[in-house]
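Chemist: Each chain, letter by letter, is given below.
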Amino acid sequence: MAASSSLSGLRVPPVDAVALETRAADLGTRSLKKAAKVQGLKLAIAMMDLTTLEGMDTPGKVRQLCGKAARPLPTRPDVPACAAVCVYPDLVPVAVAALAGTGVQVASVATGFPAGRIDRASKLREVARAVRDGATEIDMVIDRGAFLAGRHGFVADEIRAVKDACGPAHLKVILETGELKTYDNVRLACRLALHAGGDFLKTSTGKVAPASTLPVVLLMLEEVRDHFLATGRMVGVKAAGGIRTGKDALKYLVTVAETCGDRWLSPAWFRFGASSLLNDVLMQLEKERTGRYQRPTDFSAD
Amino acid sequence: MKTNDSTRSGGSKAGKAGGAARGRRGAARELNFGGVWSYAPAPEATEVAPIPARQELFVGGAWTKPMSGRYFATTNPATEAVLGEVAHADARDVAAAVKAATKASPAWRKLPGDERARYLYRVARILQERAREFAVLETLDNGKPIKETRDVDVPLAAQHFFHHAGWADKLDLLFPGQSPEPLGVVGQVIPWNFPLLMAAWKLAPALAAGNTVVLKPAESSPLTALRLCEVFQQAGLPPGVVNVVTGDGATGAALVRHPGLAKVAFTGSTEVGKEIQRTLAGSGRELTLELGGKAAHIVCEDAALDQAVEGVVRGIFFNQGHVCCAGSRLLVQEGVHDAFVQKLARRMARIRVGNPLDKNTDMGAIHSQAQLARIRELVADGVAAGCELHQPACALPKKGFWFPPTMFTGVSLGHRIAREEIFGPVLSVMTWRTPDEAIEKANNSSYGLSAGVWTDKGARILWFAERLRAGVVWNNTFNRFDAASPFGGYKESGFGREGGKQGMRAYVRLQGALASG
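Line by line, the protein sequences give chains L and H. Quick note on the working numbering: the first sequence kicks off at 8 and runs consecutively. Quick note on the working numbering: the second sequence kicks off at 784 and runs consecutively.
Among the clues, some could well be false.
Claimed, not checked - Here are a few chain L residues that face chain H, going by a calculated C-beta distance under 10 Å:
hint, residue
1, P21
2, V25
3, R37
4, L50
5, L236
To be verified - Listed next, the stretches of chain L that the computed footprint assigns to chain H, with coverage defined by at least 3 CB atoms under 8 Å from CB atoms of chain H:
hint, region
6, 39 to 48
7, 223 to 235
8, 254 to 266
As the list claims (entries may be wrong) - Simulated pairs of lysine to aspartate or glutamate, EDC-like, Cα-Cα distance not exceeding 20 Å:
hint, chain 1, residue 1, chain 2, residue 2
9, L, K188, H, D1239
10, H, K1284, H, E964
11, H, K1142, L, D33
No lab work stands behind these hints: they were computed from the structure. Being a predicted model, the structure only gives us computed values, none of them experimental. Yeah, the Cβ is synthetic: ideal placement off N, Cα and C, and Gly gets one too.
Please take these sequences and the hints and turn them into a complete structure.
Modeler: Here it is as structure tokens:
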């Protein structure tokens, strides 16, 4: 703790915003047809953290979502299950029970999601409780206030502490890039999370606009790629919020494929956090299979 | 085309670990590409751009048979298939074209500027409407990827007509008190690397200023210039204002020698440019030349490296490196040389080389057998000189003319690959220690067309830009073009500017002082 607390006013290599966005836009022009499209859409489903994070969440709502995650399209056995269901900590037991035996993971946001403005002890208690209740993945938020105040060591220490509290659970570190504002800040936050032992870098809570954007995810992928090349340790990336169409999801997958390559094209290393994306992906898949679009009401609204 | 990321020279082999394998310290630290998810072919349809079996010359607003009765074939560089035949113009055809342009000149120059503008706006809009047709045609005839013709060549060509249409009725504002007058009949000879775009660059300012034109497209890429004549007809451009004569070097020589011209504008090789300059010396005819280049990228250690890599890739592999302003020399500050070269090698392996009509192709075919031979010769010279060759292992098509993205490290200023314009996808990497040394190396070239500076520090950008002897200096970007921005060279890269106010100056005669005296 003492060593890293000296991390303040840290500088990292600069990011050129215009060129980063140009590269992301260029990757977004890839044309995916037929088999490549079907494979990509199925992969997107398998990488999806189906999410409900609202004040009005109930056990009933969570159970519905779990059913959807385990069998997104019950009539089509070739459509894979989602990677995880993501809920608030108090609903973890409900999700664990509903998903037992399905292979779908239970992810829980924690650490005072979404603002993270509670004391560290409470954050760690929340994490420990979610893990004890059976969450296998923890989505923490970083302290953006501390980050923007230049207290980078504090942010890194907290990530490390949460990682310790996670035990066997995987830690996704939410940077909330929509509040960090600049790509230079995003890069710095990525490095703090990478060095503090995060298993995943995650863009957003979904409560702040903009949530995930392609240039931000490109930058995060470049960071995990370089981290892997330098240390041999693989870290995942989760694009969360704002991704609503299958077409958008494919752009993200192209960016993963051309930046980090095959190893990251797996639910173990890339995730989508989304609530409304799944049905559009299902609709696109059915369109590829049947040659025509189905009515939106043909897909369950869970 | 699928590529993988092993490099031919000493690059580490891709690790064999599966996609879902957990990373471990000590595991092979290389990235794997291409095995898990490969893109299906996504070819652009060619029905939109049918090519006539035989095309005539465009003289005096009509399609005219060549007097010699001779035709020559134009081929698709990606397949070597013959696309069609075009007329071979000789000196008699050129004379007829100049005569038609001379006849059209008085009415065109007298036309009020806003009426000339109306024609140019119409041409620009029709180009936009027929954008897909032009993109496909250009890709077929030139070999460059559809992604580039669709996103760069055709939109920029339209932009040049739009931009210069705006100047047509504002010449007095451009040159206040100087009574700008058109020159008369202009002869324009353009190269094969951007056939439509170069035609637009040359024609738009000439027409906006009130000149009439005889244009000679390159022998190996005449189709889009001929299709542009259809657009002129569609726009109702008066006969003779633009004439297009297709043919070889002899046709071009006949055109630039013609005494009826008031000006010659040439884009092409330095060798031919010098010959034209000798021909025109003492003739009183005006001349602008846009010739070769050997542009330097200067990469400083504080640059945004990943983005600089993208810029360097765009600088040298855009249009297969067939770009006069291509960033073919990479000068990297020594401290970041290894890191930068590693990033660049990995990125080069991601370049998709293959069918130019496929929407996912990043690099298409080399334009011709002759150009391929020139690239091979210079690359062989680089290898013989002891430079280290880096090429991603990529499967190239059997037919057509192909060359992989190529980088040489360990290059010295004296090597041929550091001095001669290769005009292909070949990058020569050198290092520097101090800014002064970087400038000295960048300027150590007989060319001076363009340069690029990569640094996060604003003051350093200005310091470099002030000292680089190059017509265009890009900062933290490369190969970006705009109709409003003047383009042209120093030294053996030519003289005169194209685009913007400076470009208009090359197509008017100023006589204000005499007129008001």
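Chemist: Each hint needs a verdict: does it hold in this structure or not?
Modeler: How the hints compare with the structure:
The beta carbon of L/P21 is positioned within 10 Å of a beta carbon in chain H (closest approach about 4 Å), and the interface hint is therefore held. Checking L/V25 against chain H: minimum C-beta separation of about 7 Å stays under 10 Å; hint holds. Look at L/R37: its Cβ gets to within about 6 Å of chain H, closer than 10 Å, so that hint holds up. Here the hint on L/L50 is kept, as its CB sits about 7 Å from the closest CB of chain H, short of 10 Å.
Nearest Cβ of chain H to the Cβ of L/L236: about 6 Å, under the 10 Å cut. The hint holds. Beta-carbon proximity to chain H at under 8 Å applies to 8 residues in the region 39 to 48 of chain L; the threshold of 3 is reached and the given coverage holds. Requiring three or more residues with a Cβ within less than 8 Å of a Cβ of chain H, the coverage given for the region 223 to 235 of chain L holds, as 3 such residues are present. Coverage of the region 254 to 266 of chain L by chain H holds [criterion: at least 3 residues with CB-CB distance below 8 Å; count 3].
At roughly 18 Å between alpha-carbon atoms, L/K188 and H/D1239 fall within 20 Å of each other, so this suggested pair holds. Between H/K1284 and H/E964 the alpha-carbon distance is near 15 Å, which keeps this suggested pair within the 20 Å criterion. Between H/K1142 and L/D33, the direct Cα distance comes to roughly 12 Å. Compliance with the 20 Å bound is thereby established for this hinted pair.
Every hint, counting from the list given before, is met by this structure.
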